[in-house]
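4 protein chains.
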Amino acid sequence: MNALAEKVSRMLVSKENHPQITEVRVKGCVIGGEQLIVIAGPCAIETEELLKETAFKVRGAGADMLRGGAFKPRTSPYSFQGLGVVGLETLARVGEAMNMPVITEVMDSDDIPAVAEYADILQVGARNMHNFSLLKKLGRTNKPVLLKRGMAATVEEWLLAAEYILAGGNSQVVLCERGSRSAEKWTRNTLDLSAVALAKELTHLPVIVDPSHGTGVRSLVMPMAKAAIAAGADGIIIEVHPHPEKALSDGDQSLTPRQFSILMREIEPVAKAMGRRIR
Amino acid sequence: MNALAEKVSRMLVSKENHPQITEVRVKGCVIGGEQLIVIAGPCAIETEELLKETAFKVRGAGADMLRGGAFKPRTSPYSFQGLGVVGLETLARVGEAMNMPVITEVMDSDDIPAVAEYADILQVGARNMHNFSLLKKLGRTNKPVLLKRGMAATVEEWLLAAEYILAGGNSQVVLCERGSRSAEKWTRNTLDLSAVALAKELTHLPVIVDPSHGTGVRSLVMPMAKAAIAAGADGIIIEVHPHPEKALSDGDQSLTPRQFSILMREIEPVAKAMGRRIR
Amino acid sequence: MNALAEKVSRMLVSKENHPQITEVRVKGCVIGGEQLIVIAGPCAIETEELLKETAFKVRGAGADMLRGGAFKPRTSPYSFQGLGVVGLETLARVGEAMNMPVITEVMDSDDIPAVAEYADILQVGARNMHNFSLLKKLGRTNKPVLLKRGMAATVEEWLLAAEYILAGGNSQVVLCERGSRSAEKWTRNTLDLSAVALAKELTHLPVIVDPSHGTGVRSLVMPMAKAAIAAGADGIIIEVHPHPEKALSDGDQSLTPRQFSILMREIEPVAKAMGRRIR
Amino acid sequence: MNALAEKVSRMLVSKENHPQITEVRVKGCVIGGEQLIVIAGPCAIETEELLKETAFKVRGAGADMLRGGAFKPRTSPYSFQGLGVVGLETLARVGEAMNMPVITEVMDSDDIPAVAEYADILQVGARNMHNFSLLKKLGRTNKPVLLKRGMAATVEEWLLAAEYILAGGNSQVVLCERGSRSAEKWTRNTLDLSAVALAKELTHLPVIVDPSHGTGVRSLVMPMAKAAIAAGADGIIIEVHPHPEKALSDGDQSLTPRQFSILMREIEPVAKAMGRRIR
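Protein chains in written order, with my numbering: chain A, 5 to 283; chain B, 5 to 283; chain C, 5 to 283; chain D, 5 to 283.
These are calculated hints, taken from the structure and not from any lab test.
Predicted model, so just to flag it, every value in this text is computed and none were measured.
Among the hints, a few may not be true.
Using 30 Å as the maximum straight-line C-alpha spacing, the simulated DSS-like pairs for lysine-lysine come out as follows [unchecked claim]: (1) B:140 with A:250; (2) D:250 with C:11; (3) D:56 with B:204.
Chain A on its own, in the form it takes in the complex (with noise of 0.2 Å):
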């Protein structure tokens, strides 16, 4: 056992105490197992209409698993903050008909119940990762949790918040790396891919990467998705949208369905090296 592996070594998430991989099922998809999974859609849900559009051809293009914004965490309060309930039940509607999994954001603890009853998936974001009261209650569900990591949290504190849920009694969490705040001015974050490493070598929780938000550059999104995958992440999640210059939010760095269609045929064999199979 490495230092590192011993800095783990009697949390709940460590893979010393817990060989086994967990796998996250969801409806069918398996996180954490053989196959790679690709979760894609738009930053927010908009219309039903687009959504299903998105929904359509990301399914078309090999994607498992559909996401989309209801509640957003916007850093102004005159920017749109999301559809809400309705917003969730347009997703839920959409995943159905498209026999896609569906995963959306909760940011507040008293929407758990609400966002439980119409996603697959409760994913945590960036800004609440250090939201320990909306971790607790997470870990009283029994629904899969989506984990990002905090803009500035160190891996040791993105594991400890994984272990929160652990310790509430939910295992079924899987870690997300979207890129640390940085210096540089020419993406919006630094996508650290050894975190994803690290935490594949130290936990025995599934790992996915965004590269979407990890980068915030449409031309960027490909190369980084090559690259998790190579790291040993066991999917990625990719922000799409048919009209990219129009999205209410995140058209920087939106694929159009094209080029997701592009992105799933070139992480093929570099998927394959890795001795991962894409749906």
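Position chains B, C and D against the provided structure of chain A, taking the given hints into account.
Okay, now just chains B, C and D, sitting in the frame of chain A:
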């Protein structure tokens, strides 16, 4: 109007639109007035006896308000999480006995009613600065809010977090700089006093500084308290514990009551040089 | 042309103005061609025997070039500072014996002639990326330069540092990402692979990655080497030491020759997936 | 001796081993004594006329020493690089005429003799703090050195950089905090005044602060100058230009002579509160 003032010019926090400095009044204390406000107390409320002893001593040394955590945001789920409602009751009782307004953290929107019942100022911790759901609900209360800057938040994001509260109808907001995460290893955080000067220049809100969390090093609390005052802060918030070596949290950065009393004496000339008085 | 390409559009490094990828040729090795280049060797040259042993083994495992420091930039004046010119001679001798081009760091403009006499590629370390005087003088040599990214340098600054060399007349520049300083405590640096993808997108220069310094953790070298290749790197540079536990510097991040040999085997499928071959 | 003092206890810079504060004396000015030293002047030396005008005015307002760059470390090779030796001559002439010691940057070990001929203090810029070769050679000169902290350097690395100079035999070193790189967008750097307090606590070297580079924002220079003094700094270095809007570099952060004169008046009470006097 310079370029930065322009960036906030359409916000409720902007000094352009509201040249008069907001004074936050709590039981006879005024934050943002001529008097420099000193808030002191332990990191966490441990026992009523310890809190009383601390309050008695910091009050004697000249502190205006009493701080103490009942709900503690701890990195590890296995660390002491605070006494919760029992801690709130203790804090309120001791504050009343000492005739000191009290301030304590609220970590979850569900806890707002309970915390608001006992506390005179509700603190939003650095880890929750981006908990927009909490901010929105605090905008609908009528209690003053102390808003700490997030550990990797830009000044713009900090001001927009305050804007969430003001936009909700609550203009009793005090900003608090508490240090940003950095690569420096000898301090816990890097205290950014230029953020204090910027916030004072751009907004009408009072700004205080937490040199205890801002440095994490006992011997740095005094020089950084002086520097904060010279940078234009309206007050400081200091961790004091009768027996720092036995504190359940943050012992390394807590002053003893005797050290606090020296600090009060030593900051006085700097406050005077800045045209401020101390109680 | 996108917004970032526009920012570099008037620079000599820009791919817009020079669509053909620069191939840096050194004694039969081509950096920037179809073949992925692997540079390996110890952090510092310690003895001729050790260097020979290392070179023999990494050559056997498939390395293309030999690295080794003679002038070492050490944080403390009391740490081993390298063997200087004696080290250069040793490196040149061993390189010749093994038929491997050699690369070593030049720390001072005064040392350029000596280093250029013995080395095939002159390395500018991260701590000297902003040593503009050194860069200017390297622009006037006719030796290839490997330019590491500074530990807090933005991508723009890194490209402008390269521009200093090109503007001086030397276009044989290889960029090298080696990790940025961050608040993460479990790795020595945060390897920024999006910078690799950006540099490949915006410039015609070859880009390699140093996962040894980029992570500082032995177990992370392999996954980050794979990720680097998947991100589009033209090569990797790896620290190898026969007895890492006895190394005079960087033992924690050095692979044993055996580990290096496994790495060579494991990166091959990823390289192939990216359309690259390994020697 | 506390834990941090212990870390430097075997260094020449340590206050434990050398409790008497080092006073750096330059033509009647003492840095590190009771008097607070104010260094002022333009970023770059542009013309003799401009420099004279600036020197005359800052001298009149109470500045002790004159600054001005002849060799400029510019991010881009296409930016104004300074006047070189002609600039040095100009600086020396103006300094002599005004009876002000002069300080200017040395960027390359080759330039030490030339710079040492004209300047009273040799400045090592932030970008060269890790240029160990330069530091070693400065250790062998008999001129005082002003050592700026690197833009991502830890306090430990900064002190070890000073140690390089002291270990070479030159103990006339002045430390200078000038802000660290951070993710904050509204300031150029994040001025770390706790580093000043730490350096004063742990070493016997004088410490000054550069609030011009430390913030990059004109309106922040004054509050940060005051805060620096309150944090215990032995002096400040301020960029002043008669026509900031026409300056060849750093115009945004330069004060006009009139603003500088107000600054001199306003820092006085803070200096007095700290037991320091101004010329």
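Is it true that the CA of residue 56 (chain D) sits at most 30 Å from the CA of residue 204 (chain B)? 36 Å, violated
Are the Cα positions of residue 250 (chain D) and residue 11 (chain C) separated by 30 Å at most? Given that 30 Å is the threshold and the Cα spacing comes to 24 Å, the pair holds.
CA of residue 140 (chain B) to CA of residue 250 (chain A), is that 30 Å or under? 27 Å, holds
Going down the numbered hints, you'll see the structure goes against just number 3.
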